[in-house]
Amino acid sequence: MAVYKRGYQRYEGPRAPHLERLLVLPRQAWRQLSAQRIVTALLALSCIWPLLCALFIYIANHTELWGGLDRDFSKMLAIDGAFMLTFMKVQSVFSVLLAALAGPGLISPDLGNQGLALYFSRPISRLEYVLAKMAALVWLLSLVTWVPGIVLFLMQAAMAEASWALANWRLGAGLVLGFWLWVALVALVALASSAWVRWRLIAGAVVLGFFFVLSGVGVLVNAIFRVEWGDLINPLRAAYGVWCALMGAEMPAGLSLATALASLALMGALLSLALERRLRPVEVVR
Amino acid sequence: MSAQEIVFENVSKFYGDVLGVNRIELRIPPGLTSIVGPNGAGKSTLMNLMCGLIHPDRGEIRVLGISPRDPERLMRITGYATQFDAAPRWATGFDFVVSSLLLFGYSSSLAERLAWAALEQVGLTDAANRKVNAYSKGMRQRVRLAQALAHDPQVLVLDEPLNGLDPVVRAETIALFRQLAASGRHVVLSSHVLQEVDVISDRVVLMANGMIVAEGDIRGVREEIREHPSQFLIRCPQPARLAALLFERAPVAEARVIEEEGALLVLTRDRGVFTRTLTALAASGLGIESIVPADESVHALYEYLVGGSA
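In order, the protein sequence lines correspond to chains S and Z. Number 179 in my numbering belongs to position 179 of the first sequence; there are no gaps in the numbering. Number 20 in my numbering belongs to position 20 of the second sequence; there are no gaps in the numbering.
Think of the hints as simulated: they come from the structure by calculation, not from any bench. Glycine included, C-beta positions come from ideal geometry on N, C-alpha and C. Treat the hints loosely; a few may be bogus.
Chain S is nowhere near these chain Z residues, computed Cβ spacing over 12 Å in every case [what the hints assert, rightly or not]: (1) Pro38; (2) Leu53; (3) Arg62; (4) Gly79; (5) Ala111; (6) Trp116; (7) Gly123; (8) Glu172; (9) His192; (10) Val199; (11) Arg241; (12) Phe247; (13) Gly285.
Listing some non-contacts, in silico: residues in chain Z with all C-beta distances to chain S over 12 Å [as the list claims (entries may be wrong)]: (14) Asn129; (15) Leu245; (16) Arg249; (17) Asp270; (18) Leu286.
Going by beta-carbon spacing under 10 Å, a handful of chain S positions derived as facing chain Z [what the hints assert, rightly or not]: (19) Tyr11; (20) Gly13; (21) Pro14; (22) Arg15; (23) Ala16; (24) His18; (25) Ser34; (26) Ala35; (27) Pro109; (28) Asn113; (29) Leu118; (30) Pro123.
Please construct the entire structure, taking both the sequences and the accompanying hints into account.
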């Protein structure tokens, strides 16, 4: 008998399923994120607008509070696509700010420590690593996007007449789908930025730049060159266009759904490629 | 292929135009094997290939019969520690080792128990609940070692594991490696410090420019190098007389008396005849105190094979 067979007994007990093992990473990342006070503070701040919206829905559904006022005012209090889109626009800004704060710390420390080899030798694939890190960010961003959104929708459905939910189900579905798309894009930007930029502050600035500077550049390109392809590099406009389509609202002038979707797909593909290029188990010094 | 060896068959790996390793033919049996070579020799590439972190462009690798392309099975039997400070700075040493075990699929309670055992093995229990950020370099090295050891792997792949350790911890760590190797595990470590692997390894793999220049136990490798005469340092009260006798009776290429040390340095091209003659002379009452091979060190081998020290 070989020596190792006498001296060594391998563990053959039960093991957690692969998916459950992967959850170790987002849990770890979540612990990291929740330990940052500024993230918690911004998270609390981003609850203000949903609370105001909830108050608005409450008022809109209690006619006795404003019964004496005219018809125009009652139109203003309508809970419709425009209301939901306004809610989404404000919360999307908070989600970008949160991603800019929380995202940079997710991947860059692992790259800085050359720690990817440890994860990949657990073994976890590169895709699983990205998804696991993304899950922590998606969870955080969900708290300020579709979760309060669906709460508002359900609140309105509960307070309004029974027919309201049936007539406006598209608002709820559009809100959830639209925010999922948005959260995926924001998380990809934050992770790609974290993978490529070592310094947190700069990585956060890159996230903000991607959404706000790039959007400005897109508008300028369209205006200066009198073209429309500037929309392809305008993430805010593209996402808003998709939200409008999902909610059955009017699309922004000069933007088609196809262009908006193509723009988001292009950005998603480029960001995924950026992550793929960066996340290697072994760094080769040439 | 053997299910008890780590086998490389004609393995090559290139990073674009840069050579990683080239045409590696190697079989690593249980025990302590050191991969030695200067920076850029291909040691880490060989280890990364072994762990499936990168895949060869050509050739095949089997770790105890398992392909590195099957990471799920491979990593159950393999523990890997990189040469870098890979532990997350924000975690405690204990958290780091527990997380590694959870990623392997162990239950929380078992992971915690194994993590304590591993931290105890590397002498880090006192600092287990301190953040890695506050660890010294040697402690960070040890916590990496603990995460590699924690799941009790059959194959340990350790990249530069002795870097940064103080002499006491280094001695303890070496003793741990010897103990693991003696229990039948494969302990494969890399080092560019030749002197340290000299004394601890069952076998060495000497690498240069992505290729293996020699492998085996140090004496075996030395005996294969026939173009360089073997060197022996003999301590005795009458080195000049011993030199004269050796010239008469054995195939001695060169002898040099070192007066201040009371020793004789002899170069011979026929170790067998020489050692038999020397044994006979020792028995004849010349007062020989010690006979030490002067060039059976990795350092000497490296100089012979590569033409410079690592």
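Verification of the hints:
Against chain S, the non-interface label of Pro38 (chain Z) holds: every CB pair exceeds 12 Å, the least being about 14 Å. Not every beta carbon of chain S lies more than 12 Å from that of Leu53 (chain Z), the smallest distance being close to 4 Å; the non-interface claim is violated. No beta-carbon of chain S is positioned within 12 Å of the beta-carbon of Arg62 (chain Z); the least distance is around 16 Å. Its beta-carbon lying about 9 Å from the closest one in chain S, Gly79 (chain Z) breaks the requirement of being farther than 12 Å from that chain.
Ala111 (chain Z), annotated as away from the interface, has a beta carbon of chain S within 12 Å; the closest lies near 10 Å. Trp116 (chain Z), annotated as away from the interface, keeps every beta carbon of chain S farther than 12 Å; the closest lies near 16 Å. Once the 12 Å rule is applied to beta carbons, Gly123 (chain Z) is consistent with being away from chain S; the minimum gap is 21 Å. Taking the minimum C-beta to C-beta distance to chain S, about 20 Å, the non-interface status of Glu172 (chain Z) holds against the 12 Å cut.
Non-interface call for His192 (chain Z) relative to chain S: holds, since the shortest CB-CB distance, roughly 15 Å, exceeds 12 Å. Every CB of chain S lies more than 12 Å from the CB of Val199 (chain Z), the least distance being 22 Å, so the non-interface label holds. The Cβ of Arg241 (chain Z) lies farther than 12 Å from every Cβ of chain S, with a closest approach of about 47 Å, so its non-interface assignment holds. Listed as outside the interface, Phe247 (chain Z) is consistent with that label: its C-beta sits roughly 46 Å from the nearest C-beta of chain S, beyond the 12 Å cut-off.
Annotated as non-interface, Gly285 (chain Z) keeps its C-beta farther than 12 Å from every C-beta of chain S; the closest such distance is 43 Å. For Asn129 (chain Z), the requirement that its beta carbon stay farther than 12 Å from each beta carbon of chain S is met, with the minimum near 15 Å. No Cβ of chain S comes within 12 Å of the Cβ of Leu245 (chain Z); the nearest lies about 44 Å off, and the non-interface call holds. No beta-carbon of chain S is positioned within 12 Å of the beta-carbon of Arg249 (chain Z); the least distance is around 42 Å.
Against chain S, the non-interface label of Asp270 (chain Z) holds: every CB pair exceeds 12 Å, the least being about 35 Å. For Leu286 (chain Z), the requirement that its beta carbon stay farther than 12 Å from each beta carbon of chain S is met, with the minimum near 41 Å. Of the supplied interface hints, the one on Tyr11 (chain S) holds, with its beta-carbon coming within about 6 Å of a beta-carbon of chain Z, less than 10 Å. Contact between Gly13 (chain S) and chain Z, as hinted, is supported at the beta carbon level, the nearest pair being about 7 Å apart and thus within 10 Å.
Given hint, Pro14 (chain S) at the interface with chain Z, holds; its Cβ is 8 Å from that chain's nearest Cβ, closer than 10 Å. A cut of 10 Å between beta carbons decides the hint on Arg15 (chain S): the least distance to chain Z is about 3 Å, and the hint holds. This hint holds: Ala16 (chain S) has a C-beta 4 Å from the nearest C-beta of chain Z, less than the 10 Å allowed. Checking His18 (chain S) against chain Z by beta carbon gives a least distance of about 8 Å; that is within 10 Å, so the hint holds.
A least Cβ separation of about 12 Å between Ser34 (chain S) and chain Z goes past the 10 Å threshold, and the interface hint is therefore violated. Evaluation of the Ala35 (chain S) hint against chain Z yields a held restraint, the C-beta minimum of about 8 Å falling below 10 Å. Contact between Pro109 (chain S) and chain Z, as hinted, is supported at the beta carbon level, the nearest pair being about 6 Å apart and thus within 10 Å. Of the supplied interface hints, the one on Asn113 (chain S) holds, with its beta-carbon coming within about 5 Å of a beta-carbon of chain Z, less than 10 Å.
Below 10 Å, beta-carbon pairs count as interface contacts, and Leu118 (chain S) has one with chain Z at about 5 Å; its hint therefore holds. Among the interface hints, the one on Pro123 (chain S) holds; its C-beta lies about 3 Å from the nearest C-beta in chain Z, closer than the 10 Å criterion.
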